Amino acid sequence: MGGTGSMRRGAALVPVMLLVGACSGVQSPLAPAGEQAADQLWLFQLMLWVCGILYLLVVGFLGLALVRVFRNTSRLAEPELAPADRTLDRSLLVWASIIIAGLTLLAGASFVVDRALAAAQAREALRVRVTAHQWWWRIAYRDPASGRWVETANELHLPAGRTARIELASADVIHSFWVPNVAGKMDVIPGRANAIDVTPHRLGWFRGQCAEFCGVQHAKMAFDVKVDTPAEFAAWLATQARSAAAPADPVAARGFQIVTQGQCAMCHVVRGTAAAGRPGPDLTHIASRRSIAAGILSMNRGNLQGWIAQPQALKPGTMMPAVTLEPGDADAVAHYLEQLK
Amino acid sequence: MQRYASFTFRAATSLVLPGVFALVACTKEGRTLGPEQPLTPPVGASDKRIGVFQNNLYQVSQGGRYFSWYGCAGCHGSTAPNSHDLAPDLAQHPRAFDAIYAMIADHPRVPVHYRDRIPTEQLWQITAYVRALPATKPELRRRQDLDEAGEPQGAQWAGPVR
Amino acid sequence: MSAGADGVELRRAELAEAWRDPPGLWGFLVTVDHKRLAARYIVTTMFLLFLAGLLAMDMRIQLSAPGLHRMGPQLYNESFSLHGSTMLFLVSVPVMEAMALWLVPLMLGQRNMAFPRLAAFSYWLYLGGALMLWVPHALDITPDLGWFEYPPLSGPGYAPGHRVDIWAQMITFTEVAALAASVNIIATILKLRPPGMTLARMPLFLWAMLIASLMTIFALPAIMLTTSMLIADRLVATHFFSPSGGGDVLLFQHLYWFFGHPEVYIIFIPAVGFVSSIVETFSRRPIFGYPAMVLSVLAIGVLAFGLWVHHMFAVGLPRLGNDFYTAASMTIALPAGVQIFCWIATIFSGRPRMATPLLWVVGFLVTFVIGGMSGIMTASAPLDLQLTDTYFVVAHFHYVLVGGAIFPLLGAFCYWYPKATGRLMSERLGVLAFALIVGGFNIGFFPMHVLGLWGMPRRVYTYPAEMGWGPLNMLATIGSTIAVIGGLVFVANALWSYWRGERAGADPWGGHTLEWLCPSPPPSYNFDSTPTVRSITPLWEPELLAYDGIATTKRELLVTSVMEAEPIYRQNSVGPSIWPLVAAVAVSILFVGSIFTPWALVWGALPIAITLSLWFWPTRERAKTGPLRKR
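Chains as they are written, first to last, in my numbering: chain G, 1 to 341; chain E, 1 to 162; chain U, 1 to 631.
None of these hints come from the bench; they were simulated from the model.
Check the hints yourself; a few may be wrong.
To be verified - A few chain G residues that face chain U, going by a derived Cβ cut-off under 8 Å, partial list only:
1) 40
2) 44
3) 53
4) 56
5) 70
6) 110
7) 172
8) 174
9) 194
10) 212
11) 231
12) 232
13) 237
14) 240
Keep in mind it's a predicted model, so treat the numbers as computed, not measured.
Glycine is no exception: its CB is placed at the ideal position from the N, C-alpha and C atoms.
With these hints in hand, go ahead and build the complete structure from the sequences.
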């Protein structure tokens, strides 16, 4: 459906205008930034027209009937036992035909769009592994230089114009991967190897969110999505593949010591150091991310310190333990983490 | 129109029963989430905080998850060799809460000192989980562990559930 | 039989004596009068509707602005789980069965259901199910994983304790109660019709209940099976839903939705019956296109079993399979559309007059069709990948369930209220309640379509302010509040009219079905004598013949043949009995016990066996004459 791409994107302007001033548009199927979402929006608009016309027919017919109701002044008319219904019989056939025609059109359009979504599989140019945990996202890319899988968390970067195959797996319960601006959702099911093909074409920041109830903090399991140019994407991936930056000053060195020799290292990885715990998100380049705690807090020093000291206050029920540190040590840890770009 | 029930019947059901229920409210299944963690280890075998953890299914279950996350299941899990399985030993020699806590926090023959490396609240939860192990049927424990097969085990992670 | 006024009075006195219940609390516990049972069923469901509505208001207030801390995630998750489970298992299906329990014998000119004690058992077991869910809520062990509780989230690893087991077993309670009620309804409709009421002369409400009950029997075992498998996984370490143990998580979803989709049509189809009854009476003509209406309901009943995968479009099943279910899900819009045409055509071509019940039908039409349209959108697999698990779907199913089932139900309450109580509801308060409820509902739920299209997912206890979802959520809360106020006005109307309403005779609306023949409210024996039916509109015929010969000094029903409705024999009808209540208690003990230990199935079976033996203890010898003698 590449040829009609621009037409579809043009038609998308109409509902986009509905968003102005009301909705942020970074997590919405009405503002497509990907081919899949654009196809789905086209289908939605077709359905809106067809269903709208059918609804107006129903309401119009009902209105005609109600005119007769309110014109009728007699309290209790004699019942009509065998009314002549020939016109109505023909109208019923017409009505049923209209419904059949409408449904056939919509089912056919739906099938065509489904084929378009399926066609993306032939154009896969990139593999991304996304593992859903309660309540965060582990995201891994293959580093073209070394061939190793490089992990990050809660932030997905995609090159524009290329189709990425997102391989979905769950470490615990059923989740659902959803970036509405780019494509529809796909459930992440333990025991099942699901995958979704996405082809983003608009640059910018978007937001994804878990879309299958997965426990107490399902509401706060989001992730950031950045659509880069292919060159920017390659540069970003190369940065992510590097090991952690060494601490640049004594305060950061103190923070480094606490992170790698203390409680953090039991659950988190900082590549190139002694911290090699797998349960929690990879922290090697945490400061390069836009948000922390699965998309709910902006990445800045205050939020880092608050999250480390008291995660239950920000995301009650989270598995991240509360790490109690002396104020000086807490500052040092935050200072060190801020340097991990 | 028939009277459906006498006054006494209606009074009994509307007033007495809810009162009875309120009195026997069950706390074993309670789930309080929020920023209130113990900051110190248990003080003696009758520390008042012990009941909050030992008698609460949510805390015990959280202890079970951290049991995997901190790598305990690598040696003490349900598929561990017999000499390391905790349940039979605990069933034979039941120990107090603070004794188990101390055994975990000052665990011998492991590369790290858990007292410094595992937060206090999580040590409480793991202790509660370990002490609850003898009461869990082995096949149920195995079934629970199968559900959690995709969870990381300390520095190892076998990958998601495929 | 002696003619004249004295003869009629003697006859009525004999019938009243034969069909009366013992007085007081004992009578309350042992009655098998379908009207009394239906009344308590309806009162219980409406009370639960109120409780579930309180939960909904709680949630709406929590969501009305971003980042509110009024409810934490645990409480919110418990609320939506309880709200959904109550509405679907404890309110929607039972209230339709309760209405059927009340209406079916009256519409058939009969004195009681085919299995009176089974009706009582159904209520007591349903009450047990309601307590099974709400008593734990009072004890703070509310199930909190949704009304669907997918494993592995609900499996032994991630859901400690008994919350999930409580939910799963509540389902078993309510489904056994629903099966009991359905069997009763089917037997009554097929075998206890008045002489001359062939299937082709049956009121559309009875067709609807027949089909809904048949659907219940086919659909409900699936969910009883799957929730029992879940309990088995949790209690005795089976591996049905254990991916690492050789099981499959999707098995739960398939079995669940194989029930779950027909369930919503089981709720919708009786409502369709209400609408047909009201439309016919207020248009003063039989329904336009009776054969089309019957075939449509039949088609919906059959098609409903072939759609369930549309709840699983995002699960990653093969694409071509998804497209098949898209086509099937869209197909069901055809019979629904035909029905809508027929109703409007009836009003259009009759001699219609306005009253509150017809107002509710209008509310149903404009609201339900919006739900149908959003349903067509979600029926498309590729589009559903964007819409499912968002507020768009929340809007869709509320439109079809509230618009398609609750509005006809409220219309049915207004319509049959004079028959049940002998008084009319106030028209003024009725119009006010209608405006508040329908207006409030649309203000409350239409914005949710937009919220879903703006990316707001379901089952979230809060959302960030940057998303811009705040204003529409606030509007949704305001609309819901207006609707709740309307609901209170409706209840106030019902209560006020009970004592102060204008008195209604036997037939205030001029209906044509047989329930309008007996006095308002009906005496315990319903009808003086069994009417015979010669057309589709018996009460609009110039004369109505009665069939004589049914005993007046003992409880007796006339059984007729399935197709031609010719009298076959007279059946003794059972009188009041304590055994349904005792059996329900015994079954409840087994169900509750089986959450804690599998041995409850063994030990719990003993009291049930004893109770059932006493229930079915023969009270008369085998027949020596008549058709049964041939055995």
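Quiz item: Against which earlier hints does the structure fall short, listed by number upward?
Solution: Numbers 3, 4, 11, 12, 13, 14 - these are the hints that the structure violates, sorted from lowest upward.
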